[in-house]
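Take a look at the letters that make up each chain.
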Amino acid sequence: MEVFLQQLINGITLGSIYGLIAIGYTMVFGIIGMVNFAHGDVFMVSAFIALIAFLILTTWLGMTSIALALLIVLIVAMIFTAVVNWMIERLAYRPLRGSFRLAPLISAIGMSIFLMNFVQVSQGPRNKSIPPMIQGDFVLLDRNDFAVTLSFKQLVIWGVTAVLLAAFWYLVAKTRLGRAQRACEQDRKMAALVGVDVDRTISVTFIIAAALAAVAGTMYLMYYGVVSFADGFVPGVKAFTAAVLGGIGSLPGAVIGGILIGLIETMWSAYFSIDYKDVAAFSVLAITLIFLPQGLFGRPDVEKV
Amino acid sequence: MAKERSTASQGIDITRALRDAVLTGLLAFVLFLPLIGFQTITDMRGNLVLNTRWGLLFSIVAVIAGARLAYAVLLAPWLSQRKLRPVAVTPSPWRDFLGKWIIPFAIGFAIVYPFVVVGTVGFGGAVKWIDNFGIQVLIYVMLGWGLNIVVGLAGLLDLGYVAFYAVGAYSYALLAKEFGLSFWILLPLAGILSSFWGILLGFPVLRLRGDYLAIVTLAFGEIIRLVLINWVDLTNGYAGISGIPRPTFFGIPFNANEDGFAAVFGLEFTPVYRTIFLYYLILALAFLTAFVTVRLRRLPVGRAWEALREDEIACRSLGINTTNTKLTAFATGAMFAGFAGSFFAARQGFISPDSFTFLESASIVAIVVLGGMGSQVGVAVAALAMVGGTELMRDLDFLKAIFGPTFDPTQYRMLLFGFAMVLIMVWRPRGLISTREPTVFLKERKTISADLVGQGHG
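Those protein sequence lines, which keep their order, are chains A and B. Anchor point for the first sequence: position 72 equals 72 in the numbering used here, and the numbering is continuous, going up by one each time. Residues are numbered in the numbering used here as their position in the second sequence, beginning at 1, plus a constant of 1000.
One chain only, chain A, in its complex shape:
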């Protein structure tokens, strides 16, 4: 019971990070129908940007307030990652829009390889670790010498994720921009005919996706305190799994899928085998796609002749 509770807390934390990345996949897939393979690496780049911003603030400027530093790091990472993703869309995906189906996918895979190796070359292949930013925890339950704890950094992740999701939901559901986005998702040509600037809307989608990935990247860095150039691929695939599980194209689905994947992963590590936790996540991906391709909240794909 205690183990379960602890893993539940850990799983939700991990799942929040996956959910934030998954939104990027699901939005981009919804609007241009492409699996943005480079998204996991954009997440990794954002973690590096956060790392550098954090080091500038603490070691050069001598900032002592961790809360303020974290806030600044978050904003800086969001801005720079947004620029990176906007540029990627402009250079690697936009020229291929309307081209045959595989072209943007291959371009995205190329971009993913490029980003990974760019970070490796520019920052070195070693793991980068920083001292823990936030320490301390609440002891929720202490029985049979097993303390169930909720650490402050987990609380921060929950809080930041919840606030950003709320802001993001408002953006998509209530603003003009969100309406344009949903219109493009349904029918790009029609949306263009009624005066929606499709190119701009797609750019903004990539910017939002990157900003949320940057939040995930910052949280990842804060939670684990270590990041390396190869950290983009596996979280990327798991977040994609989350997006598929929730039903690709569905925003609440992405978040719930993310939390489910986080829970599956932590529970699997706790009760079965930690070595095979990635196998569990990949199997969920395969099983969902085979038996429930529309996901939990997605629309079924209707085939027309």
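The reader is advised that the hints may include incorrect statements.
[Claimed, not checked] Taking CB as the label site, the calculated pair distances span: (1) A:Leu8 - B:Lys1128: 53 to 59 Å; (2) B:Ile1103 - A:Phe291: 42 to 48 Å; (3) A:Phe291 - B:Arg1045: 52 to 58 Å; (4) A:Ala162 - B:Leu1318: 52 to 58 Å; (5) B:Pro1188 - A:Met190: 51 to 57 Å.
The hints are simulated quantities; they were obtained by calculation from the structure and are not laboratory data. Quick reminder that beta carbons are idealized off the backbone N, C-alpha and C, glycines included.
Once you have looked at the hints, place chain B on chain A.
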């Protein structure tokens, strides 16, 4: 042209070009500021500290802004002028000649290549050029041709192709080590085992289409790799399997002993003979793949693959069993990957899960798509350009003279590989060879544009 343009408009062009260049430079500055401007390094006490690299950052920004300016001032007018010129309708005779003779020439060159290398650099340097360059490129040509059956002909996007390559490699390694079977028995066996896995993994995913199929195959590829890592009893995990028996020349081993290849044929012993033998082995396997593909395209099953790629629903309504058709494509593709895998294990003598990462799958898919899906010549050209090009990067020592002794060109291999993938896709989304030879034709064979060929829905 230059005379017709007024000086005023030229002046405007220049200001605009300058403004664009400055904006591009600014953007590049923002883009590269965090990751190039700062470098995280671990200091003596194990703490992360920052270094700045303003010089590097500003030179990159200057190069990018300069390139943008050069594009606007020099390249853009030339391109727009070229657009105005009428397009030549009749193909040039030179191109016709090239189209007819390029394939026999390439095959001939591939056959004499080891002798050319030995002739030019002697026995000492030949191993490097035949092994690192020739064999490496041919492995990818073969894998590309194998995957071409699945992706190019049947239109099923497989991102986990390397799993079958791994099955082939591990089958050979384990069976050869445990039971001492010869390479020539295990080669077909590895192919059979791989195609069995192809059917096994292909079966559940056949209902999926397009991107979904790609992702599931990716997941299967990763699962196989993770099992290879974690099933230590069988595969020895990360450490891999070493001491895999090498293939022999009809029972004659390539070593310096009395009964070795060199001694039997009365030659002086050098390791080059083994390399040349391996080169011809993979060349023969690659040709086998190409030949089988060409012949299969004429069989009913090959035509069914191409029909499936063009329109699955029409296929089904014409009575083609799509499940069997897809499974044969998967199994045939996997079989060639199994052959290539057992060759790989025999050539390396050592295999570990590191050789079978997603990056490998992505590279093979990239080679097939960049070459032009379905075009065998294109796949070979793409493999030569991407694999050969990155292999050549390994010995560009003159770059050290330019960038200083700490500059290591091998680091930039995969960086440029990824960049080239994006660049080629943007430049030619249909791949390098964008014409296709139709399988079935009326009266005479005409090449058709790749734009008219369906790319399959999965």
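Okay, the hints, checked on the actual structure:
1. A:Leu8 - B:Lys1128: 53 to 59 Å: Once the Cβ atoms are compared, 56 Å apart, the range 53 to 59 Å for lysine 1128 of chain B and leucine 8 of chain A holds.
2. B:Ile1103 - A:Phe291: 42 to 48 Å: holds, 46 Å
3. A:Phe291 - B:Arg1045: 52 to 58 Å: Cβ of phenylalanine 291 of chain A to Cβ of arginine 1045 of chain B: about 53 Å, so the range 52 to 58 Å holds.
4. A:Ala162 - B:Leu1318: 52 to 58 Å: Because 54 Å falls inside the window, the suggested range holds.
5. B:Pro1188 - A:Met190: 51 to 57 Å: Once the Cβ atoms are compared, 56 Å apart, the range 51 to 57 Å for methionine 190 of chain A and proline 1188 of chain B holds.
Of the hints listed earlier, there is not a single one the structure fails to meet.
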